[in-house]
Amino acid sequence: MTNLKQDRDLRPVDADDAVLAAAGDAGAFERLYNRHVPRIHSLVRRMIGADLADEVTQDVFVRAWQKLGSYRGEAAFGTWLHRVAINVILGRRKQLGIRRERFVEGEGVVGRLSSNPKGAETAIDFETAIELLPDGAQQVFVLHDVEGYKHGEIAQMLGISSGTSKSQLHRARMILRDYLDR
Amino acid sequence: MSDRWTEKLSPYLDGELSAVEREQLESHLAKCEECAAALEQLRRVVGRARALEDRPPATGLWSGIAERIGAAPSDAKVADLEARRRSKVARLRQRRLSFSLPQLAAASIALIVISAGGAWLVSRPAGPAAERGASSVSGQAGLVSAPVAGHSATSYDAAIVELERIIDESRDQLDTTTVRVIEENLMIINQAIVQAQRALAEDPASEYLNEHLAATMRQKLEFLRRAAEMTRAVS
Numbered sequence: 001m002t003n004l005k006q007d008r009d010l011r012p013v014d015a016d017d018a019v020l021a022a023a024g025d026a027g028a029f030e031r032l033y034n035r036h037v038p039r040i041h042s043l044v045r046r047m048i049g050a051d052l053a054d055e056v057t058q059d060v061f062v063r064a065w066q067k068l069g070s071y072r073g074e075a076a077f078g079t080w081l082h083r084v085a086i087n088v089i090l091g092r093r094k095q096l097g098i099r100r101e102r103f104v105e106g107e108g109v110v111g112r113l114s115s116n117p118k119g120a121e122t123a124i125d126f127e128t129a130i131e132l133l134p135d136g137a138q139q140v141f142v143l144h145d146v147e148g149y150k151h152g153e154i155a156q157m158l159g160i161s162s163g164t165s166k167s168q169l170h171r172a173r174m175i176l177r178d179y180l181d182r
Numbered sequence: 183m184s185d186r187w188t189e190k191l192s193p194y195l196d197g198e199l200s201a202v203e204r205e206q207l208e209s210h211l212a213k214c215e216e217c218a219a220a221l222e223q224l225r226r227v228v229g230r231a232r233a234l235e236d237r238p239p240a241t242g243l244w245s246g247i248a249e250r251i252g253a254a255p256s257d258a259k260v261a262d263l264e265a266r267r268r269s270k271v272a273r274l275r276q277r278r279l280s281f282s283l284p285q286l287a288a289a290s291i292a293l294i295v296i297s298a299g300g301a302w303l304v305s306r307p308a309g310p311a312a313e314r315g316a317s318s319v320s321g322q323a324g325l326v327s328a329p330v331a332g333h334s335a336t337s338y339d340a341a342i343v344e345l346e347r348i349i350d351e352s353r354d355q356l357d358t359t360t361v362r363v364i365e366e367n368l369m370i371i372n373q374a375i376v377q378a379q380r381a382l383a384e385d386p387a388s389e390y391l392n393e394h395l396a397a398t399m400r401q402k403l404e405f406l407r408r409a410a411e412m413t414r415a416v417s
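Read top to bottom, the protein sequences are chains Z and B.
So for the first sequence, the numbering used here puts the first residue at 1; every next one is plus one.
So for the second sequence, the numbering used here puts the first residue at 183; every next one is plus one.
Just chain B, same shape as in the assembly (with noise of 0.2 Å):
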């Protein structure tokens, strides 16, 4: 097999040869097996590159398109959307040396809960004695307030799955970091308002008790209320 002839192999296969050419090459073909089977091997090329298909992109292109053209929103695919959606979660998540404002927002509302926290284990009471002082110390800093105002238990319980279930389904939407402020806020409170149903289960009377539980359970309300509007407004 020469160059003289394997040129001559493409232009054969596309037609483009004279007829002296043409015969001039079949006659060699005809003793030549390695140009034969590079023949052939060309001739497979063209016939995959004739049956290549053609695939859509892997991701919804038409909402940028839409966007430059001065289309309507109302014209992208959800399909675009989903996608400008995620690209949104994942620029969210390279946010890693900086606090995003449903961050502050989140750590804000913890550090409310934590001093709640903080001052009621340091004023928890050792008897009754300590029960007045710790009401007293309690209403000066302002965590002791009215039960929970305008909930019954039943419309409390409500509105407490309705907040969560709003947060659960704008989850995917938040960073990583503001999901776990949240979900530890989230535990701080339920600790507290647990620690405080086991002190009222061992007395029951206390006005302070039944003040701060009822104050802790407003707050785990205030915060998961400020929470779903903080979803709300990343989504």
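With the rest of the complex left out, here is chain Z (with noise of 0.2 Å):
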């Protein structure tokens, strides 16, 4: 996965920022910031909507700096920063009682969607039908196909069976195979 090429690539220069910044030094942790935050912002973005993800973006790195002197660095600080991401979402979620309008199957999907987009819409509107997903399908697409993450490790992340992820998943893959067809 790309992200994961790109946490390799920046892990040595990462490591001595995070260092820095669990020893107070703010300039380091903001030098992470810049490194990181449109991998996490779009992880929020993805995952809990456009609405609420600069507010969501913030929590995510204001946690991170609260946390920072239990990283051991055993991992690559971008991955750890992911896992930090992802328990803010997901707890934010559970604070917000999302329970959106969402349970559509494909044509009720669709059909808020533009038709034949080109170019960067492309990419726009494929963003905009994730996020338009079921919650449930929603949350395992990003994290199976665009974060990478195994059905295992999802259930344990969401409290759910892998038969349910897997399950969730094909249900996302199958709405949105509905939108690549038009």
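It cannot be assumed that every hint is accurate.
Stated by the list, open to error - To spell it out: a stretch of chain B is covered by chain Z in this simulated footprint if at least three of its residues, at any positions, have a beta carbon under 8 Å from a beta carbon of chain Z; those stretches are:
#	stretch
1	192–199
2	216–226
3	244–251
4	397–411
Said to hold, decoys possible - Here are the in silico distance ranges between beta carbons for each label pair:
#	chain 1	residue 1	chain 2	residue 2	range
5	B	ALA218	Z	LEU90	30 to 40 Å
6	Z	ALA15	B	THR241	44 to 54 Å
7	B	ARG204	Z	ALA75	50 to 60 Å
8	B	ARG226	Z	ASP25	38 to 48 Å
9	B	ALA233	Z	ASP51	57 to 67 Å
10	Z	ASP25	B	THR241	40 to 50 Å
11	B	ARG204	Z	SER161	16 to 26 Å
12	B	CYS214	Z	ALA50	34 to 44 Å
13	Z	GLY69	B	ARG353	40 to 50 Å
14	B	GLU189	Z	ASP51	29 to 39 Å
15	Z	LEU96	B	ARG232	39 to 49 Å
16	Z	THR128	B	LYS213	51 to 61 Å
The hints are simulated quantities; they were obtained by calculation from the structure and are not laboratory data.
Backbone N, C-alpha and C define an ideal beta-carbon position, used for all residues, glycine too.
Take the two lone chains, each set in its own frame, and fit them into one complex as the hints suggest.
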């Protein structure tokens, strides 16, 4: 996955800044922020929606700052930060009691998207399609197909069975397939 | 195409089927165009998901984070400060139904100017006799004062230009109502100056008109000075 490669590339410089940041160096933490905010913001946006993305992204970095003392450098900082982000996102979803009215199948979802998107619009509309997925399917799809987590890991994160994770993934793909087909 | 087969398409793509299941599905795919097409579509969905590019937030978020973690303000990026400034301006612009402090300050200056202009218009001389009377009335009202103290014509112009520059630079930090009040009052003062200059051209010896012009010019200087202070306070 691209993100894993990115983590490897950034690991040495991230490690130095993480040590400095853990010691209270806000400048080092700002450098970490600058390197990782596109990935974290995109993750948040895909999992919780564009309207809350900025606020929750800030929550993620504040939480990371607070927990930096527990970062041992065993995993890449990006991987550690990603897990922090997932926890913050899931916590916020639980807090909000998100029960969006998105439990619609195929046609209902794709009917809200533009037809025959081209160029840059294609990527944007695909992202919109992800945001419009039913909740369970959306979370599993983002974590599995976009972020590269395994079903066992997703099951643990979301408190569901691996079987449920697999069926939700298939559901998400089938909906998005309909969109790609237009 | 049936659910029995389509449900196996995702696990097949992810390599999660047993060898027996995979063989059965591949055998079916060879005969079923619909399932084969669906598999290709799912493959495209997975490919698209993996190719998604991360995008940074549209506005800087660091300043908010820096504030919450107690980092020094100097750590905030310039872009963040700009976003915060724009947000502040937007908030100021939303105050449609109440007067802000700058608006009240501008309005109070306006009252002084309008009073001065009104008094001058009322007392405007129709002839030498009237001029003498007007001079007396204006003097009682405290509107006639010494020429622009401490300013030659050149230094006066330079001071005006400098103050106008300060206000112009801070203009976008003021809400539109405040800017409008400032502009309207400057226009009133400028009109009063032009009127006084025209009157003086006809009667250069008039002590009253000379004093009135000096007073109006001083008012303009004072108005701009206070407006500049106000913009500094807001920014």
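Comparing the hints with the structure gives:
no.: 1; hint: 192–199; verdict: holds (count 3)
no.: 2; hint: 216–226; verdict: holds (count 4)
no.: 3; hint: 244–251; verdict: holds (count 6)
no.: 4; hint: 397–411; verdict: violated (count 0)
no.: 5; hint: B/ALA218 with Z/LEU90: 30 to 40 Å; verdict: holds (37 Å)
no.: 6; hint: Z/ALA15 with B/THR241: 44 to 54 Å; verdict: violated (29 Å)
no.: 7; hint: B/ARG204 with Z/ALA75: 50 to 60 Å; verdict: violated (33 Å)
no.: 8; hint: B/ARG226 with Z/ASP25: 38 to 48 Å; verdict: holds (45 Å)
no.: 9; hint: B/ALA233 with Z/ASP51: 57 to 67 Å; verdict: violated (25 Å)
no.: 10; hint: Z/ASP25 with B/THR241: 40 to 50 Å; verdict: violated (25 Å)
no.: 11; hint: B/ARG204 with Z/SER161: 16 to 26 Å; verdict: holds (23 Å)
no.: 12; hint: B/CYS214 with Z/ALA50: 34 to 44 Å; verdict: holds (39 Å)
no.: 13; hint: Z/GLY69 with B/ARG353: 40 to 50 Å; verdict: holds (47 Å)
no.: 14; hint: B/GLU189 with Z/ASP51: 29 to 39 Å; verdict: holds (34 Å)
no.: 15; hint: Z/LEU96 with B/ARG232: 39 to 49 Å; verdict: violated (29 Å)
no.: 16; hint: Z/THR128 with B/LYS213: 51 to 61 Å; verdict: violated (36 Å)
Hint check: violations occur at hints 4, 6, 7, 9, 10, 15 and 16; the rest are consistent with the structure.
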